[in-house]
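> The lines below spell out each chain.
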Amino acid sequence: MPKDHGIGASIKRREDVRFLTGAGNYTDDINIRCQAYVYFLRSDVAHGKLNKVDTSAASKMPGVVRIFTGADFAAVGGIPCGWQVTDRHGEPMKEPAHPVLAQGKVRHVGDPIAAVVADTLEQARDAAEAIELDIQELPAVVNMKAAVQSGSALVHDDIGTNLCYDWGFVEENKAAVDEAIKNAAHVTTLELVNNRLVANPMEPRVCVGDYSRATDDHTLYTTSQNPHVIRLLMGAFVLGIPEHKLRVVAPDVGGGFGTKIFHYAEEAFCTFAAKACNRPVKWTASRSEAFMSDAHGRDHVTKIELALDKDNNFTAIRTETYANMGAYLSTFAPSVPTWLHGTLMAGNYRTPLIYVNVKAVFTNTVPVDAYRGAGRPEATYQIERVVDKAARELGVDPIALRRQNFIKPDQYPYQTPVAVAYDTGNYDATMDKLIEIADLAGFEKRKKASAAKGLLRGLGVNCYIEACGIAPSNLVGQLGARAGLYESATVRVNATGGIVVMTGSHSHGQGHETAFPQVISEMLGIDESMIEIVHGDTSKVPMGMGTYGSRSLAVGGSAMVRATEKILRKAKKIAAHLMEASDGDIEVKDGRFHVAGTDKSVAWGDVTLAAYVPHNYPLEDIEPGLEETAFYDPSNFTYPAGAYACEVELDPETGRVTIERFAAADDFGNVVNPMIVAGQVHGGIAQGVGQALMEGAVYDDNGQLLTGSYMDYAMPRATDVPFYQVDHSCVTPCTHNPLGVKGCGEAGAIGSPPAVVNAVLDALNSGGIKIDHIDMPVSPSRVWAAIQKAKA
Amino acid sequence: MKVTMTVNGASRSGEVEGRTLLVNFLRDTLHLTGTHVGCDTSQCGACVVHVNGQAVKSCTMLAAEADGAEIKTVEGMANGDGSLSTIQQAFQDHHGLQCGFCTPGMVMSTAALLKENPKPTEAEVRHYLEGNICRCTGYHNIVKAVMAASGQDVSTIAAE
Ligand code: FES
Ligand code: FES
Numbered sequence: 004m005p006k007d008h009g010i011g012a013s014i015k016r017r018e019d020v021r022f023l024t025g026a027g028n029y030t031d032d033i034n035i036r037c038q039a040y041v042y043f044l045r046s047d048v049a050h051g052k053l054n055k056v057d058t059s060a061a062s063k064m065p066g067v068v069r070i071f072t073g074a075d076f077a078a079v080g081g082i083p084c085g086w087q088v089t090d091r092h093g094e095p096m097k098e099p100a101h102p103v104l105a106q107g108k109v110r111h112v113g114d115p116i117a118a119v120v121a122d123t124l125e126q127a128r129d130a131a132e133a134i135e136l137d138i139q140e141l142p143a144v145v146n147m148k149a150a151v152q153s154g155s156a157l158v159h160d161d162i163g164t165n166l167c168y169d170w171g172f173v174e175e176n177k178a179a180v181d182e183a184i185k186n187a188a189h190v191t192t193l194e195l196v197n198n199r200l201v202a203n204p205m206e207p208r209v210c211v212g213d214y215s216r217a218t219d220d221h222t223l224y225t226t227s228q229n230p231h232v233i234r235l236l237m238g239a240f241v242l243g244i245p246e247h248k249l250r251v252v253a254p255d256v257g258g259g260f261g262t263k264i265f266h267y268a269e270e271a272f273c274t275f276a277a278k279a280c281n282r283p284v285k286w287t288a289s290r291s292e293a294f295m296s297d298a299h300g301r302d303h304v305t306k307i308e309l310a311l312d313k314d315n316n317f318t319a320i321r322t323e324t325y326a327n328m329g330a331y332l333s334t335f336a337p338s339v340p341t342w343l344h345g346t347l348m349a350g351n352y353r354t355p356l357i358y359v360n361v362k363a364v365f366t367n368t369v370p371v372d373a374y375r376g377a378g379r380p381e382a383t384y385q386i387e388r389v390v391d392k393a394a395r396e397l398g399v400d401p402i403a404l405r406r407q408n409f410i411k412p413d414q415y416p417y418q419t420p421v422a423v424a425y426d427t428g429n430y431d432a433t434m435d436k437l438i439e440i441a442d443l444a445g446f447e448k449r450k451k452a453s454a455a456k457g458l459l460r461g462l463g464v465n466c467y468i469e470a471c472g473i474a475p476s477n478l479v480g481q482l483g484a485r486a487g488l489y490e491s492a493t494v495r496v497n498a499t500g501g502i503v504v505m506t507g508s509h510s511h512g513q514g515h516e517t518a519f520p521q522v523i524s525e526m527l528g529i530d531e532s533m534i535e536i537v538h539g540d541t542s543k544v545p546m547g548m549g550t551y552g553s554r555s556l557a558v559g560g561s562a563m564v565r566a567t568e569k570i571l572r573k574a575k576k577i578a579a580h581l582m583e584a585s586d587g588d589i590e591v592k593d594g595r596f597h598v599a600g601t602d603k604s605v606a607w608g609d610v611t612l613a614a615y616v617p618h619n620y621p622l623e624d625i626e627p628g629l630e631e632t633a634f635y636d637p638s639n640f641t642y643p644a645g646a647y648a649c650e651v652e653l654d655p656e657t658g659r660v661t662i663e664r665f666a667a668a669d670d671f672g673n674v675v676n677p678m679i680v681a682g683q684v685h686g687g688i689a690q691g692v693g694q695a696l697m698e699g700a701v702y703d704d705n706g707q708l709l710t711g712s713y714m715d716y717a718m719p720r721a722t723d724v725p726f727y728q729v730d731h732s733c734v735t736p737c738t739h740n741p742l743g744v745k746g747c748g749e750a751g752a753i754g755s756p757p758a759v760v761n762a763v764l765d766a767l768n769s770g771g772i773k774i775d776h777i778d779m780p781v782s783p784s785r786v787w788a789a790i791q792k793a794k795a
Numbered sequence: 666m667k668v669t670m671t672v673n674g675a676s677r678s679g680e681v682e683g684r685t686l687l688v689n690f691l692r693d694t695l696h697l698t699g700t701h702v703g704c705d706t707s708q709c710g711a712c713v714v715h716v717n718g719q720a721v722k723s724c725t726m727l728a729a730e731a732d733g734a735e736i737k738t739v740e741g742m743a744n745g746d747g748s749l750s751t752i753q754q755a756f757q758d759h760h761g762l763q764c765g766f767c768t769p770g771m772v773m774s775t776a777a778l779l780k781e782n783p784k785p786t787e788a789e790v791r792h793y794l795e796g797n798i799c800r801c802t803g804y805h806n807i808v809k810a811v812m813a814a815s816g817q818d819v820s821t822i823a824a825e
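Chains as they are written, first to last, in the numbering used here: chain F, 4 to 795; chain S, 666 to 825.
Keep in mind the hints are simulated off the structure, nothing from the lab.
There are no misleading hints in this set.
Far from chain F by the CB rule (all over 10 Å, computed), these chain S residues:
#1 Lys-667
#2 Arg-677
#3 Ser-678
#4 Gly-679
#5 Val-716
#6 Gly-718
#7 Gln-719
#8 Met-726
#9 Glu-730
#10 Glu-735
#11 Gly-745
#12 Ala-777
#13 Glu-781
#14 Pro-783
#15 Gly-816
#16 Ser-820
With beta-carbon atoms standing in for the labels, derived distance ranges:
#17 S/Ala-788 <-> F/Thr-657: 18 to 28 Å
#18 S/Gly-816 <-> F/His-8: 20 to 30 Å
#19 S/Thr-725 <-> F/Asp-181: 57 to 67 Å
#20 F/Ala-454 <-> S/His-696: 52 to 62 Å
#21 S/Thr-725 <-> F/Gln-38: 19 to 29 Å
Bear in mind that the values here come from a model prediction, so they are computed numbers and not experimental data.
Just so you know, even glycine gets a beta-carbon here, dropped at the ideal spot from N, CA and C.
Take these sequences, add in the hints, and give me the full structure.
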């Protein structure tokens with residue numbers, strides 16, 4: 004019997020009712036009396052000198068409250084970067100200024116030049132058209148490799164280079180890696196592109212700034228995954244507002260996928276302008292604006308070499324990657340190609356020597372930062388593509404080659420050569436499970452059926468590992484993080500027994516309001532309906548680091564467990580007092596406190612009432628009330644892992660690829676709500692399939708964004724994907740957090756792109772068309788062109 | 666200019682500009698914020714409502730054009746007693762939504778589909794929903810929910 008409550012139950016989501024009836028409360032649904040609207044005049048050139056921004060005529064247009072330009076922000080801090088990377092030579096990365104509104108220069112299409120605040124959005128837009136601009140266009144820096152050649156135009160003149168950092172990891176291993184590659188029996192080399200993506204949560208970014216002259220309090224409503232982080236970054240670094248004077252609210256948020264982690268200029272603007280104009284100021288991004296102002300993801304160009312000995316054991320990996328930072332450093336941008344990518348280059352394998360070189364480059368494009376998976380998809384894609392290529396070159400079975408090199412279950416904890424130590428895992432188990440659920444035994448039969456239709460069928464299989472539950476603060480501090488990455492939770496028990504949990508984790512689709520109560524219900528034996536989750540408001544939740552890196556349950560959930568443990572300890576003391584027993588003898592079962600070995604018990608509600616009506620209460624020993632807070636800082640990352648399989652059909656006449664089957668066997672450790680976990684994997688797979696087959700943000704040589712709307716940026720639709728087979732029954736619980744959970748939010752997007760591309764190449768090569776690699780997105784035109792080239 | 670329309674069974678009117686879109690009239694004037702805006706190229710379907718019984722992307726229609734029309738939005742989809750309708754219930758039962766932003770459009774499109782085609786196949790559901798983008802669910806549970814709402818047995822479809 005599947006469980007119907009507590010940990011492991013597929014409880015239906017309570018938040019669905021409001022979303023299904025139109026009662027959700029997203030940021031754009033918030034309107035404040037007397038609010039004004041801001042329209043940002045954005046650069047339509049990629050790179051240019053701002054000679055003149057003349058707002059005199061525009062200021063006189065109807066409804067205009069005030070027009071702001073870079074000059075208004077000259078004394079205001081720029082948008083800060085939250086992570087400092089140190090380069091191969093021990094030097095800090097280059098960290099150019101990132102003004103709220105452009106100062107002197109525009110650096111990408113979409114860079115905000117001026118902000119018009121008016122009574123209505125239409126008036127603001129009309130007035131923006133009347134602003135006179137004189138921009139002297141400069142050569143655009145677009146191609147990363149050209150950008151670091153001498154003589155290239157400079158995105159930031161003051162730093163004298165377009166190279167943000169040149170990072171080597173592990174630098175001390177470089178010589179040994181070079182040596183191992185030189186002496187290898189076989190080296191497989193692959194050059195590949197991890198295509199630039201736009202996260203595209205369906206809700207565009209929105210913010211509303213509000214200010215109270217009465218109290219000097221600022222409030223910002225914003226579409227954020229981490230309102231406390233915004234409070235910290237914007238308050239401390241940009242506007243100089245202390246935490247107690249700044250409230251940040253992220254209400255219902257319509258998807259994030261990383262791009263709503265970062266602190267954006269529009270947030271600082273609306274907060275600043277609300278005070279300057281003494282009116283609430285609202286900004287709602289159009290989708291076109293989102294394409295040119297949301298941080299993009301991925302955009303790596305990599306060469307990877309895999310060395311093998313004569314028995315096909317992996318002996319070394321060496322990579323060189325160019326990583327696009329865009330025009331400015333977004334909040335976590337420097338960490339993505341380094342600590343979230345280099346540390347995962349061991350993958351699921353025992354490769355003893357690894358060297359990763361990353362050159363981060365400024366270009367005249369939108370800033371690039373974390374997008375679902377962030378660094379880990381880039382690592383996985385390289386490893387799993389090069390292993391597949393090696394198998395083909397060596398004529399061995401790609402699954403067998405992987406298995407041969409797996410870290411084995413008796414090797415945990417496993418210290419990789421790239422700093423991280425995996426606590427637990429079992430990669431053969433997920434591979435076995437994958438083979439079963441993907442029905443690989445039936446593949447040949449399906450291949451024949453495809454062939455009968457004139458289509459090539461291909462199978463792609465791969466593994467992945469990721470580091471989640473971000474992250475141990477002391478470790479990331481050494482690596483350059485400018486924040487702690489703990490989480491906090493306050494559990495407040497009311498007199499009549501109901502519980503409110505204030506968590507710093509933020510839910511924007513993940514279902515925390517349903518899943519978190521399942522954990523407490525399991526611990527206390529009371530019904531989920533008595534437990535409510537509060538999140539997303541810095542005035543209600545004391546502290547929080549938010550949701551990204553699949554961390555909510557592993558870190559935020561652990562904080563909640565710790566706080567609930569404190570509640571239990573105190574409640575037991577109260578129960579013991581009420582029953583004149585010793586608290587060591589109190590057991591909790593089915594929502595009652597029992598004296599072990601007797602038939603004496605008191606109900607949960609008796610204890611909670613006593614805590615607030617302490618007539619008969621151990622006042623000399625404990626305080627009244629029942630509310631506890633805990634901060635949880637993990638001691639390690641968690642390491643979800645698994646195996647994915649994709650089957651494609653490919654039409655050799657047109658190059659069109661369709662996904663026929665997709666299976667994912669994941670080890671997420673313990674699972675609280677299997678229905679929600681499956682949904683997370685489904686969504687991740689669709690994003691990975693999107694990356695592999697159709698998505699791609701493209702700039703031309705002038706830095707114009709050619710894919711600036713859903714007309715030309717292909718989003719996966721219902722017809723592009725099949726039903727998926729997903730499984731998470733292979734469980735090696737995380738060894739270091741109290742729930743034994745690992746995180747499931749990003750796996751699908753990490754594991755799926757190589758499966759798709761491997762399947763395409765299998766279809767081609769097994770069909771007699773010899774092709775080593777096709778870059779993502781593997782579009783019909785690319786496949787067709789590759790086929791023509793192979794035939795030529 | 667003044668427009669009047671029947672929205673979820675009640676007569677509603679308001680002042681609009683000639684350029685005001687139906688979706689803005691619904692959201693900003695009538696405060697029916699269940700209908701969402703996800704794009705500016707009529708591609709995403711977050712804004713789908715019913716106009717005289719037809720599914721329409723309300724970002725592609727002027728409020729003035731809807732003068733005198735019969736409009737239904739997601740706020741009008743629940744049963745009379747406030748409980749979830751069959752379609753809404755199927756979306757909850759099968760986890761057909763995550764962030765909820767595409768959901769109103771999905772519900773309205775599904776209602777229109779099932780009126781037209783009461784027992785759609787998987788392929789028909791996917792094809793009909795091509796104009797509704799969801800970034801969260803990977804469509805698996807949406808397609809499942811739509812088929813379940815049509816009374817079909819979805820228990821053999823993979824996963825929880
Ligand atoms: S908002 Fe109407 S289709 Fe996107
Ligand atoms: S549920 Fe988030 S876009 Fe569909």
